[in-house]
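Just so you know, the protein sequences line up as chains A and B, in that order.
Under our numbering, think of the first position of the first sequence as 5, with each following residue one higher.
Under our numbering, think of the first position of the second sequence as 232, with each following residue one higher.
Since the hints were made in silico from the structure, they are not lab data.
All figures in this text were calculated on a predicted structure; none of them were measured in a lab.
One should not assume that every hint holds.
Claimed, not checked - Chain B is faced by these chain A residues, among others (derived, beta-carbon under 7 Å): (1) Phe187; (2) Ile188; (3) Val191; (4) Pro212; (5) Glu213; (6) Pro215; (7) Asp518.
Here a beta-carbon is modelled for each residue, glycine too, at the ideal position from N, C-alpha and C.
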Amino acid sequence: MADYLLHIVGMATPILVLLSFAIPVISKAFKSKRAPFVAAMIGGIYAAVASVLALYMVYKDNSPLVYMYGGWPPHFGIAYEIDYFNGLIGVFTALTMLAIMLYSLWYEHHIDEPTWYFALLLGLEAGILGCLYTGDAFNLFVMIEVLSISAYGLVAYHRDRPEAVEAAAKYILIGAVATIMYFIAVVLLYAGFGTVNMAILSRIAMRPELPQSLKYLAMLSISLALWVFTYKSALFPNHFWLPDAHPEAPTPISAALSGLVVNVGVYASARFLYTLFGDGSAVSGYREFVLLALFVLGTVSGVLGALMMMIQRDVKRLLAYSTICHIGIIYVGLAAGFAIGSAEAVKLALMGTSIHIVAHGISKAVLFMASGIFIDATGSRDLDAMKGVGRRYPLASLSLILGFLNLAGLIPFMGFYSKLLIALSYLKIGFVLGTILIIVISALSIPGYMKAISAIVFGVGEAKEGRVAGRWVEVMLLIMSLSTLFIGIFFQQAAYIFDYSSNSLVSGVQNYVDAVIKKIPPELRGWIP
Amino acid sequence: MQVDISIINTYLLMVTLVAMIANFVLSLYGVFFKPHYIKKIIALSMLSDTANTITLYIGYRRWVDGVPPTIPVITNRSIEGIYDVVRRSVDPLPPALVLTAVVIGLATTLFLVYLGYILYTHYKTLDMREIKRLKG
Chain A
5 MADYLLHIVG
15 MATPILVLLS
25 FAIPVISKAF
35 KSKRAPFVAA
45 MIGGIYAAVA
55 SVLALYMVYK
65 DNSPLVYMYG
75 GWPPHFGIAY
85 EIDYFNGLIG
95 VFTALTMLAI
105 MLYSLWYEHH
115 IDEPTWYFAL
125 LLGLEAGILG
135 CLYTGDAFNL
145 FVMIEVLSIS
155 AYGLVAYHRD
165 RPEAVEAAAK
175 YILIGAVATI
185 MYFIAVVLLY
195 AGFGTVNMAI
205 LSRIAMRPEL
215 PQSLKYLAML
225 SISLALWVFT
235 YKSALFPNHF
245 WLPDAHPEAP
255 TPISAALSGL
265 VVNVGVYASA
275 RFLYTLFGDG
285 SAVSGYREFV
295 LLALFVLGTV
305 SGVLGALMMM
315 IQRDVKRLLA
325 YSTICHIGII
335 YVGLAAGFAI
345 GSAEAVKLAL
355 MGTSIHIVAH
365 GISKAVLFMA
375 SGIFIDATGS
385 RDLDAMKGVG
395 RRYPLASLSL
405 ILGFLNLAGL
415 IPFMGFYSKL
425 LIALSYLKIG
435 FVLGTILIIV
445 ISALSIPGYM
455 KAISAIVFGV
465 GEAKEGRVAG
475 RWVEVMLLIM
485 SLSTLFIGIF
495 FQQAAYIFDY
505 SSNSLVSGVQ
515 NYVDAVIKKI
525 PPELRGWIP
Chain B
232 MQVDISIINT
242 YLLMVTLVAM
252 IANFVLSLYG
262 VFFKPHYIKK
272 IIALSMLSDT
282 ANTITLYIGY
292 RRWVDGVPPT
302 IPVITNRSIE
312 GIYDVVRRSV
322 DPLPPALVLT
332 AVVIGLATTL
342 FLVYLGYILY
352 THYKTLDMRE
362 IKRLKG
């Protein structure tokens, strides 16, 4: 019985990829314009069920879930491993993706070739879930490529617009270099450690008597790998593609890229710096240096995003810079691990990070989708042309305001607790600068949000008659926005899941490793320390 | 006549290594500093080929007892046969990784070329210095 459920979880990524490739055939067979949407919806619902099931199984067994493809034990075959951290992000990703697919149904008058759109969208979801769930460093490379190719294709989807093609070209030229660097990083890890399985790599890296050459190799690999992770998550020096690519994509894709895809880079960085080469591993001195560098880059990213947000006139560009700002905050939370010896505070910061990933993802998806409605109503992305349009769409406006308030960190929202926990943890560490910087970034970002709200909802402009149909989309957006509010209000009850997810990066690393080692037959286990 | 192969072997490996590092630097230079889109694509495929060569290089085994390394296939299913394969054969995993990376690289290059075609139809040029309608 449990075995059967395990297969449902494990086959999620392959089935999504298969369905994605089947969509052109399906749309040829059924001739209906809606057929690709229905197929994509089936895939999305399957992924949502599988991800919820995965998190439930982790909760029930109270140990990470290991799925071995083809029954090959880890390290000989590809293994997927799900613990609380990636399980939580996986559930949030799959559910948000479901909302984005439903929104694509409303958006379909802009989609001239639904077949390719939905095929790429399913490919994107398969890539994200594969990146999150994989327990194999090389499979992570493959999944990053699946995700990247889908994302490049979707950014260039409106190929009759020169800007969209240009943004995609900029994105892919450097992105392809970054993924090749990650490939070299994985190969170097294999050359030194003799394995690409994350858990076994972690176990070997924990050996104190590791030869000096292997330490240097691991340092080189971390440096090369972090480039692609920070590139995918648009951290400061690698952020240049995001303000072009995200606004030029179709609106549902902007929501998916800004809300979900950037998290993959954050997740992979956390995996590398906390699980693979975690606290007390052979590269410990270098790891803290890297985390401190990520802290600096995160603050620069946050301040830059907040400042650039103020001067934007294009609503989608404003939201894109807001993404850069929040990725900065997430990396500041992630970087708390440089404080050795204060495990409790690091755990608190990671808890804030995982809450902020979810809070920012939901709100950013809502904001992009709500702004899509206003863009449709006015026919322009300019904030000046949008003055007052929000008053004709009260539900969408309400969800827009709630989303901005969540990002700004108003008290009962999720976004408040995430920033609070990160700031508190830096106080606990005794690094007051971190706390101050979080507050400064939050304060700097507020004028940008206020500008958007006041222009769209409270501005006075010429009232154009007529109304874009689709009240159900507004209701869906409102539900998504309210969910961040409710999780914030019932934070006491919801906190434990985030607590577990942060725990799995700190003290849960042993469980993560042991769950994989247990799956290897004892006679093949001898060489693992 | 027994020729000492290890000196030639080391020499050739060093030449390959130096060539790969030079190739790596050149292709990175090409991707970042060459203005033309097609030249960037060429530099990118050079870079991925360099990465693949490095991978194959990692799986390489030195000659044992004056005999070149063999393919990793067990033909003699006795203990000695397996021992011999372990001692002499090249590592089979890096070629598998390279195969995956080559296929992915093909897809990326195809996409880039098609994107370049659309870029040309819009801008009538592929010079990336002139393609900047976006602010960045």
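Hints versus structure:
{"no.": "1", "hint": "Phe187", "result": "5 Å, holds"}
{"no.": "2", "hint": "Ile188", "result": "5 Å, holds"}
{"no.": "3", "hint": "Val191", "result": "5 Å, holds"}
{"no.": "4", "hint": "Pro212", "result": "26 Å, violated"}
{"no.": "5", "hint": "Glu213", "result": "23 Å, violated"}
{"no.": "6", "hint": "Pro215", "result": "17 Å, violated"}
{"no.": "7", "hint": "Asp518", "result": "25 Å, violated"}
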